[in-house]
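**Q** Hey, can you work out the whole structure from these sequences and the hints?
For the record, the sequence lines run as chains A and B. Okay, so the first sequence: first residue is 545 according to the working numbering, each after it adds one. Okay, so the second sequence: first residue is 545 according to the working numbering, each after it adds one.
A portion of the hints provided could be inaccurate.
Claimed, not checked - Below, simulated EDC-like cross-link-like pairs (lysine to aspartate or glutamate); rule was C-alpha separation at most 16 Å, straight line:
(1) Lys715(B) with Glu720(A)
(2) Lys715(A) with Glu720(B)
(3) Lys707(A) with Asp810(B)
(4) Lys895(B) with Asp810(B)
Note that these hints are calculated values from the structure, not bench results.
Number of protein chains: 2
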Amino acid sequence: MVKDRLDPWGSDAVKDYARLQAEFGIEPVQPLLTRFKRLSPHLSRGIDFGQRDLARVLDAIDGSKPYAVMSGIKPSGDFHLGTKMTADDMIYFQSLSRNATVFYSIADVETYSDNGIPFRESAKTAVKNVADILALGLDPERAVVYFQSEEVRVLRLSSTFSKGVTNNMLKAIYGERQIGLYMAALVQAGDILMPQLPEFGGPKPVIVPVGADQDPHLRLARDLAAKHHEEFGFIPPSSIYHRLILSLNGDAKMSKRAEGSLLTLDDPPVPSSRKVLGAFTGGRDTVEEQRKLGGRPEVCPVYDLYRFHFAHDDGHVERVFTECREGTRLCGGCKQEAAGLVKRFLEDHRKKRDSLMNDAKELLAKSRNYLASAGR
Amino acid sequence: MVKDRLDPWGSDAVKDYARLQAEFGIEPVQPLLTRFKRLSPHLSRGIDFGQRDLARVLDAIDGSKPYAVMSGIKPSGDFHLGTKMTADDMIYFQSLSRNATVFYSIADVETYSDNGIPFRESAKTAVKNVADILALGLDPERAVVYFQSEEVRVLRLSSTFSKGVTNNMLKAIYGERQIGLYMAALVQAGDILMPQLPEFGGPKPVIVPVGADQDPHLRLARDLAAKHHEEFGFIPPSSIYHRLILSLNGDAKMSKRAEGSLLTLDDPPVPSSRKVLGAFTGGRDTVEEQRKLGGRPEVCPVYDLYRFHFAHDDGHVERVFTECREGTRLCGGCKQEAAGLVKRFLEDHRKKRDSLMNDAKELLAKSRNYLASAGR
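**A** This is the structure we're talking about:
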């Protein structure tokens, strides 16, 4: 039987998270929850559902040992709510220990090969993206932010890896693709494994928070870590997977490619809140029916807004869920409330972000100096 | 009808140079010879036989316009006589005009992906290789020497190109290969086109001297130059092709892979001259037969030593050829003479090379500073 492939480049959703675990070997997060001193909303709300080798990172936290938090962004447009998910996880794992260092890759190489956006253009987008992450809470003191296209170690590693990898290996993981996408995949593997190079203190646990659809990149990086263990001493990178937020039009993945399906952190607050008012919901055809049967929060992008991002706390999420299921919460009022939360968040975020643009440039400059001075 | 492919990674010879022209569109050098102020031995002896767009470089020379001479070496071992061919051409084209700049790539990425030699090891080999070229006559004042693995522009260009290239394009040029070899090919295309980036003065004619078996890399680079013309203004690179020197065991290509088939510039002079004495020749089975029928210089690696590298001048080459054909020159004496020439050359070269090791390091350091300070 041919197993399904996860496709990080497509817009197809990961529909069945249980099957993900069974077929791809992603382990549940649940049994490890007691080991966290403090749960993030992603953990307490079951948004982060799967992991590989997460225990290794928890061991490092417990033992006050260094570990890296690795993630990246494609600077192909504005920071949207899907991107915020990864950023939130990254910031959370940075906050769990003073021994954590964030490596944040601005994937301009992939943005070029995937979206055709030239480097000089994505470089501008990137500054704003970095300000967004700072506004979300990244500690710049323990963060290294770099452009993929400038980081010779990443590109060199990708060439190194291209030796160990066979076309069949890549086909098995990604399917039959054009070489540009395979190359981008090898560059990403370079990103993921770079924090373990000698100039950054050598092999260490690395946690990579990603959407479940990105797991193929992790499998590739783990295969390559094993293949090149003798030369580099790589430890297989750990990963934690979050569910994908529903698109405002009800599609399974919020995507930069489908206009109107997504909210970005750069959207003007008022039109954004209007987008929420016009969103698809899990409501019934009539108010009567809804009062009788209750709504369906499990397919509702508005419920996802509360759960993934904008609820005040876990209790708030539960309240929305229960009221919806019981039929006491109707879509009109629920959307009004969500729109208000979105509007307020975007207003606050915009202010913070705008005030952090210089900090973003400084972090990029500081990182560039640091990387240039690190021995090779 | 399926056309044959040239294979730069194999050891198969290019047997029929006329077919090369007919099938691959490589033009003869001959009609352009009158345009050179001064012929190199490679040109006067018919060793450089083919070209693409060579006239464009001759125009630049005539018009005192800038052009680049681009070549590279795989630092996978010592500099052998095949490598010296390319170096000789490069040095010749540098000497034809004050407006020529040499870009010399130390292809450590390809050396890793093709031969598995780690970067730190190939870096050592490279210093000696650079000293070899200096000893052969490279002018360090107008030369930029860089490591592929350190030059972010090359690696970035290769990623850029990976977008424009399709698997079918690569298969048509190189056949079905592992991705590592495709990636190395794209990196080489980055080497070939880098001299035309804005920070090096923008689009300009570039001459790439190579063995005929390397033509696929040129075809790829020319295709990519056309595809990315709008973005970069690339002019298709020009090339000049030299015949391949026969291996000492009579095989068609002198290769680092076949022990005893090659002479390197690092070989101790005395054992080297002994290698020549033991070489395959184009002689007949008996002395009598040879006196009667004459020898076959066209299949003789010892004749190639005279013609390609060690004869005093063109007249010397012709004399050896004629005497051999007429049966007045026998293999024993001919090999003795060649062995003496080889021994003397290697002794002289070794002295020069050893005295230039510091200059090689300086050229590498100077190039590194220059490249780091060039705007990006």
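**Q** With a cut-off of 16 Å on the C-alpha distance, tell me whether Lys715(B) and Glu720(A) pass.
**A** This hinted pair holds, its Cα atoms lying about 14 Å apart.
**Q** Between Lys707(A) and Asp810(B), does the CA-CA distance stay at or below 16 Å?
**A** Answer violated: Lys707(A) to Asp810(B) is near 29 Å, above 16 Å.
**Q** Just to be careful, I want the Cα atoms of Lys715(A) and Glu720(B) compared with a cutoff of 16 Å; is the pair within it?
**A** Measuring from Cα to Cα gives roughly 14 Å; hence the hint holds.
**Q** Between Lys895(B) and Asp810(B), is the straight-line Cα distance small enough, at 16 Å or below?
**A** holds (11 Å)
In summary, the structure is inconsistent with hint 3 from the numbered list given earlier, while agreeing with all the others.
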